[in-house]
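Asker: Here the protein sequences come in this chain order: G and Y. Quick note on numbering: this note's numbering labels position 147 of the first sequence as 595, and the sequence is numbered without any gaps. Quick note on numbering: this note's numbering labels position 206 of the second sequence as 592, and the sequence is numbered without any gaps.
FYI, nobody ran anything at the bench for these hints, they're computed from the structure. Ideal Cβ placement from N, Cα and C applies to all residues, glycine included. Some hints here could point you the wrong way.
A partial selection of chain G residues facing chain Y, derived with a Cβ cut-off under 8 Å [to be verified]:
1. Leu619
2. Met620
3. Leu653
4. Gln654
5. Gly685
6. Leu688
7. Tyr692
8. Pro693
9. Leu696
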Amino acid sequence: MSNFEQYYSDFYQSNYTIDNQEEGYSSYGSNENLFACSCRSPPGEQPQASAFLPSETLLSSQNYYTGQILQPTYSPNTLSYIGYGDGFDEEPPLLEELGINFDHIWQKTLTVLNPMKPADGSIMNETDLTGPMVFCLALGATLLLAGKVHFGYVYGMSAIGCLAMHALLNLMSITGVSHGCVASVLGYCLLPMVILSGSAVVFSLQGTLGTLLALLIVGWCSLSASKIFTSALAMEGQQLLIAYPCALLYGLFALLTVF
Amino acid sequence: PAASFLAEPVSSLAAAYGSSLASQGRDIVDRNIDRLVPVGRLKYYFAVDTVYVGKKLGLLVFPFMHQDWQVRYQQDAPVAPRFDVNAPDLYIPVMAFITYILVAGLALGTQNRFSPDSLGLQASSALAWLIVEVLAVLLSLYLVTVSTDLTTVDLVAFSGYKYVGMIIGLVSGLLFGKTGYYAVLGWCCFSIFVFMIRTLRLKLLSEAAAEGVLVRGARNQLRMYLTVAIAAAQPLLMYWLTWHLLR
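Kindly produce the complete structure, drawing on both the sequences and the hints.
Answerer: See below:
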């Protein structure tokens with residue numbers, strides 16, 4: 449659930465420099481320093497996130513908010529957010545409320561597909577799990593087309609891999625990462641693996657050509673992932689060191705696809 | 387007024403309370419993790435970069451040309467591994483351990499002896515031997531009453547370096563058969579032996595003895611035997627943990 453409020457606040461609050469809210473965010477993970485996303489949200493919606501935060505800060509006894517709840521900062525717009533169905537016209541579009549931003553998803557996909565292009569460090573600030581979920585499902589679907597029902601293995605290995613990479617990245621980098629960011633990057637870089645399993649439907653991968661293709665795809669995935677991680681976390685001289693554990697993880701996926 | 391506050395955004399209050407519980411839980415976990423696992427100390431061992439890893443791997447396989455084995459210090463604290471190739475790190479041992487498990491699975495798979503259970507068995511037995519070795523070294527350091535600045539994490543790092551040799555031996559065994567395996571493993575065993583002797587000599591022996599001057603005395607002899615014993619345990623374990631994978 450705490451991911452939920454971070455998610456919400458990441459998506460909507462990036463452009464606004466409301467001082468109270470930025471102080472309040474300083475205790476919630478590392479994403480708050482890197483706000484640079486240019487999401488479009490209508491200007492009337494800023495106070496709604498504060499509706500979620502003050503009560504919890506009262507409970508956690510960190511007085512960033514000095515009783516903002518009881519001040520009449522609520523506009524009619526915010527009430528409609530809380531679901532009282534008042535202003536149907538003022539509700540945001542469904543995709544924006546869900547946090548799915550197709551433009552960003554497409555940009556991130558293009559970054560993954562071109563591992564040689566240097567990545568922008570700020571694109572991974574919003575922990576967007578929609579794209580990764582789509583790619584995992586696509587991987588499972590293409591494996592299904594090849595006759596292997598391995599959904600459980602895909603989910604299990606991605607969960608364990610995310611935990612392990614999160615631990616390693618927190619130890620190796622100076623700024624930490626959140627689970628969501630790691631899961632998002634690893635999920636996006638799974639896209640070339642979907643291509644590999646798609647080609648496994650057409651021809652069998654168990655020869656020399658298949659092994660070479662699998663090695664190439666694993667290298668592509670891990671180079672992309674390490675490129676995004678090193679640019680987002682500002683780690684110099686460690687790209688190959690991050691690429692190696694990513695290659696181990698994607699190698700497991702490749703084993704699943706090939707055998 | 388408090389009443390109107392409670393009456394209106396009830397659902398948002400519930401959502402906020404739920405999320406506050408979760409973040410409180412996470413705070414508790416973070417605080418307690420710091421007591422069990424000293425994350426700050428561990429970060430030192432992972433402050434590596436690609437150049438360091440390359441040089442260290444080269445040292446592990448060919449330690450004969452390297453002259454200066456002393457760890458450099460900076461105001462009483464050892465310099466990060468990034469800046470000194472002699473400092474121990476944990477990145478190589480952890481990666482080598484995981485790669486060893488994967489290569490063991492690969493070796494079993496090519497001999498059609500693979501099952502996920504056997505992979506778990508390999509992993510847990512390797513981990514158990516690592517723990518036993520570290521405990522044995524700690525016990526013997528305590529018995530010999532050597533005053534050294536070797537921490538437990540340093541010992542784990544040194545014990546983890548032999549996995550690099552094991553992986554190279556296993557891969558050559560898979561590619562070139564038994565002769566390749568024995569030849570490469572023999573070479574890696576010998577180089578790990580020399581590496582451990584040269585590294586531990588500076589940490590365990592007294593200053594004069596470390597520089598090569600023969601210092602007579604029962605204590606120094608005991609420490610010398612201890613260093614040789616620790617170094618000799620490495621090749622034995624390397625052989626023990628790999629020979630059953632290439633039968």
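Asker: Evaluate each hint against the coordinates.
Answerer: These are the hints, each one checked on the structure:
Proximity of leucine 619 of chain G to chain Y holds as hinted, the smallest CB-CB distance being about 4 Å (cut-off 8 Å). Restraint check, methionine 620 of chain G versus chain Y: the minimum CB separation of about 5 Å is within 8 Å; hint holds. With a cut of 8 Å, the hint placing leucine 653 of chain G at the interface with chain Y is violated, because the nearest CB-to-CB distance is about 16 Å. Of the supplied interface hints, the one on glutamine 654 of chain G is violated, with its beta-carbon coming no nearer than about 13 Å to a beta-carbon of chain Y, more than 8 Å.
Taking 8 Å as the C-beta cut-off, the interface hint given for glycine 685 of chain G holds, the closest approach to chain Y being about 4 Å. With a least beta-carbon distance of about 5 Å to chain Y, the hint placing leucine 688 of chain G at the interface is held under the 8 Å criterion. At its closest, the beta carbon of tyrosine 692 of chain G sits 6 Å from a beta carbon of chain Y; the interface hint therefore holds under the 8 Å criterion. For proline 693 of chain G, the interface hint holds, since its Cβ comes within 8 Å of a Cβ in chain Y; the closest pair sits about 7 Å apart.
For leucine 696 of chain G, the interface hint holds, the least distance from its beta-carbon to any beta-carbon of chain Y being 6 Å, beneath 8 Å.
Violated hints, in rising order: 3, 4; the structure is consistent with all others.
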